[in-house]
Amino acid sequence: MIPRFAHRRPRSLADAFAAFDAAGGDCAWYAGGTELLAVMKMGFAQFGTLIDLKSVPELGGISADADGALRIGATVTHREIERSPHVLRHLPGLAALEREVANIRVRNTGTLGGNLAFAEPHSDPATFLLACDARVELAGPAGAREMAIDELIVGPLTTSREADELLVAIRVPAPAAGEGRAYAKLAFFERPAASVGVRVRVVDGAIADATVAVGSLTDLPIVLPAAGAALAGLPAEPAALDAGLGAAIAVLGEIDAIPDHNGSADYKRHLAGILLGRAVTQAVEEARAHA
Amino acid sequence: MRETVEISLQVNERAQSLRIEPRETLADVLRDRLGLTGTKVSCDAQVCGACTVLVDGRTVSACTFLAVDADGGAVRTVEGLARDGVLTPLQQAFIDEAAFQCGFCTPGMLMAATALLEENPHPTEDEVKEGLDGNLCRCTGYAPIVAAVLRAAEAGR
Amino acid sequence: MKRVIERGPAPEPIGISVPRRDGIEKVTGAASFTTDLTLPGLAHARLLRSPYAHARIRSIDAEAARRHPGVIAVVTAADLPGVQLEYGHAVADHPLIATGKVRFAGEVVVGVVAEDAATADEALRLIEVDYDPLPYATTVEEALAPGAPVLHEKAGRQGAHRGFEEDITRDHPNVCSTFRQAWGEIEDAFTGAHLVLEGTWHYPMCYAFAMEPYTSVAEWKDGELTVWSSAQHPYMVRDDLAHVFHLPLSAVRVIVPYVGGGYGSKSYTKIEPLTAALALKAGRPVRLALNVDDAILTTRGDGATVQLRSAFDRDGRLLGRQATVRLDSGAYAENSPLVGRKAANRLGGPYRIPALEVTCQVVYTNTAPASSFRGFGAPQVVFAAESQMDEAAEALGLDPLEIRRRNLVERGERPWPKVRGLDAKLADDLALAAAELDWSTPPAPGVGRAVCVSASDAGSEPVTTATLRVHPDGSVTVLCGSTEIGQGSATALAQIAAGEMGVPLEKVRLVQSDTAAVTYDRSTGASRTTTLMGLAIRNAARDVKAQLLEWARESWAGEDAPEPVLEHAGIRVGDRLAGWGEVVRAWFAGDYGEAIGRGYLRKAGETAEMPPFWEVGCVGVEVRVDESTGEIHVEKLVTIGDVGCAVNPQLAEAQDVGAAIMGLGMAMREELIYEDGNLVNGNLYDYRVPRFTDLPELRTVLVERGDGVGVYGAKGGGEGALNPVASAIANAVRRATGARLREAPFTPERVWEALRERDAANGR
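Chains as they are written, first to last, in this note's numbering: chain A, 1 to 291; chain B, 1 to 157; chain C, 1 to 764.
Heads up, a few of these hints could be off.
Looking from chain C toward chain A, a few residues come up when the C-beta cut is under 8 Å (computed) [to be verified]: (1) Asp121; (2) Val175; (3) Asn539; (4) Arg542; (5) Trp587; (6) Thr629; (7) His633; (8) Arg669; (9) Gly677; (10) Phe692; (11) Asp694; (12) Pro745; (13) Thr747; (14) Pro748; (15) Glu749.
Source of the hints: derived by calculation from the structure; they are not laboratory data.
Where a beta carbon is used, it is the ideal one built from N, C-alpha and C, also for glycine.
All chains, please: the whole structure from these sequences, using the hints.
Shown next, in the form of structure tokens:
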């Protein structure tokens, strides 16, 4: 049973902040509710008021600029992202990832902003967007600010968002020339066992620089600069890549992974290594297309 | 403090106006206020799909979807599929293929499959499996449900 | 679906895939389950559960909850004087609400009844329970360790069901029951053996996930009790309720609407006594509807450790088998003592074993209680037994099919002394499964195949009645205590009645599962309904026909009247066939009245020998293993549904497929996990059941050789295809990779570990 609460549906950002103020802080922002209502139902959280953000126009919509930089409104649903022509064109890895999030009903109602703000350690979008150097726009009564994903998500179920702030949009930079971005995960149960997001930039047939983010191994998604560095210089050819991944995989092997129902820390690190290979191969392929 | 709100919605093409508490889920309202008990609640956690209904054409888990979010919308439930006692091709195919046993997942399964076929009238077998993967059935082993959806798609050709 | 038919003809509609009779209701949302029921004045109950695995209850302060607006009653054990709190099937050790202590995390401590469920929920939060935590044991090893915490300080009373007196041992205070099955000279068998294999297998605690969680509604009127419940066995629930509340059986009425899945998990009594107790205190009808998280804490399947040792001669013939089986029965006995018996019996199974000695211990642990679950001991032990058969084949250089052929009992041969001879040709079934897998063509590298078999002493006890009413228009009403839990009993039993009476199916109405309206049936489980209720209905049809023949004689007697002759669909009087309705009308001399047929079935005559029938299982799989991740992909799954006579082939096939996919889930992912005294994956996020995308290519062959005890040779199905699945997958993985899996479920990590062990053994 969801504990009783009052419901507000502001029609603008200003109204939303006013509703927050009126509730005296005993309130939560609410959009898809796929996470929030679930924890309320389990008795882990109770709020006097839920402020529904779905009718705030500033928080919706997906746009892309001429270069392919994306701006995704915080209340855009997973399902909208997976079918968005902009996303399919400029960041197909995100569309593919979104198609695998939970189930179609959750994707129909759950939002990207809600997913990031909830900071669930297994979040697929958070892991991939981290690798893509995405940034989030926040707004609060005191004004707007912008930050990187790893500045937003600072711990399990913990963000640096102030209580009266809300996520407005997620910005993903346009792919540079020769850049490819891909995501790979393995899920044997509802939550992923391991996931890896990779960004590579290929110059003259070799990886010039790369970002590697790993999800579901630790209690928040992490970027591993040493793994990205270990990919630099590898020839962008499938056979050579397979042979040359050892150093980057070794970096993943150092992660202080948390065992869970999927398996031991060892096994999860092993899976991350496999996924790194899959994601790099795919990212390089995409990079070729952008060459 | 017990706040109530007024909502107006179409349920199976019939207008309904109700005063409800914001915490009431769409499943609560359908089952307890409107007597539409065809929609079932099983896992109560958006995993099993037994409570699948359509809101403005989209499938949602009625167990974790606030009824206030259906305000102004059009809801379709299993009770709205057959018209004047005539089953839809999908319902008929479920009977022909024995695509249910206990029948508890069936209302949600039918709604999920209805949405699938409205979006993709002629799915492949893999598209059916992918499309319905979020709906659980513990009795049939799924094979007869896949057969029923493909049969309904064929009937719609 | 393929069919192999080697049986005599059966009268239509027996043997025809008529559409399910519950079809239109179930596809339109009209089908009514217990959860859909409302009554005037209905109040709603919610439960407070223990957070501790094992604790004394020092005190319960529920005053604030009692005063909460909208609360009708707050009930603890102390509020129920005069109620016999403990009930149980084998041992009456299960209090309907905690009395003095809790024995698992999740045990019900307080019930609150309120005007609505949300109010009851609010009141729960106002209750303070002071616990004195005790040491706990959540595994069998912990429970049997020296100095282990004792769950039950005193032995439970004899349960509702007799026959377990000898099994209920107290050789260790945490052993609930011990059953020993033995025959032959076991020492000699091992002394003279060419090959002795030994191993230990682990099978997990599983959750049935019937999609309708347990739900009951109870109403008291004038000292009589009516309970609507999602129960498989309404008559057993009636018996327990009568006992708990000291009522005559006739004062308890249990009604079972459609049941949203059972698979054994709704066998026996669950929440009905508690619901009735809450209604008694509330003075109102009460609805108690659990959710899935609660249901997982109500009943689960027994986890098992099977230590198995087998002796073979040089030709691969079994000489002896010795086993110790330990079942993790949880905090209360429930039906685990019977599961233990069946587990022991099912290690004998389809093979000719000259000497056998199996000891099965049912052990109390501080976990949710275990009880019946589809397969009933067989999945646990068949995993070990059929794995070891493949190990023997490998050690002896034999084809896995061949070693089985050499050991299978023949049809008619008794698997062990004093039981019914096997009623199946398992060697032929094995060949059918092998053919579906293309056994003679070697699989691609990295692909493995296996075929496994099982035989379960099924059917429970043949104690069943049916009533068949013939109306003056010739239509028929059948009253029976069998429950429609999705298996299709409403359809198949009506087909049997129509076939036996020679009337069109549309003229048969079946009324089920209301203890005040229909006659006794022991249970709906153990794959017994089509076979045993089918026989009771046949007997009722014979009985009513005999009466109608007598009535025809009386009605149409005369000097030169022809002698009436009984025919399939009526009574021949001279050159005229009088329908059943006409005979009724003639006897009552008007367009009214009815004839009542009585069908009895007991342990006598054709059902004197136990088991009433064997339920055999024969499953083949083809798997591919991703060695990098340890993922097993089951690509093909073959089931041989050897059901004697498929009364409704489509529904018989459906039982086989459903059982096999449930077996797949249990083999691949399903497992309840306890950590620090708590169930940590007690929800559907973390407890993963099969989904659409897990579906392999399926092939089912229905085999009808008319060799069962039921009508036209029918025998039960619905569990057989589950039992061998885990062993088949493990054996196929072995053949694909060389890795041996002895612990289910085969999560990718376990497979990966087994592959690393293989590599270590190979010096890689």
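Hints and how they fare:
{"no.": "1", "hint": "Asp121", "in the structure": "holds (5 Å)"}
{"no.": "2", "hint": "Val175", "in the structure": "violated (30 Å)"}
{"no.": "3", "hint": "Asn539", "in the structure": "violated (49 Å)"}
{"no.": "4", "hint": "Arg542", "in the structure": "violated (52 Å)"}
{"no.": "5", "hint": "Trp587", "in the structure": "violated (59 Å)"}
{"no.": "6", "hint": "Thr629", "in the structure": "holds (6 Å)"}
{"no.": "7", "hint": "His633", "in the structure": "violated (12 Å)"}
{"no.": "8", "hint": "Arg669", "in the structure": "holds (7 Å)"}
{"no.": "9", "hint": "Gly677", "in the structure": "violated (17 Å)"}
{"no.": "10", "hint": "Phe692", "in the structure": "violated (11 Å)"}
{"no.": "11", "hint": "Asp694", "in the structure": "violated (11 Å)"}
{"no.": "12", "hint": "Pro745", "in the structure": "violated (10 Å)"}
{"no.": "13", "hint": "Thr747", "in the structure": "holds (6 Å)"}
{"no.": "14", "hint": "Pro748", "in the structure": "holds (6 Å)"}
{"no.": "15", "hint": "Glu749", "in the structure": "holds (3 Å)"}
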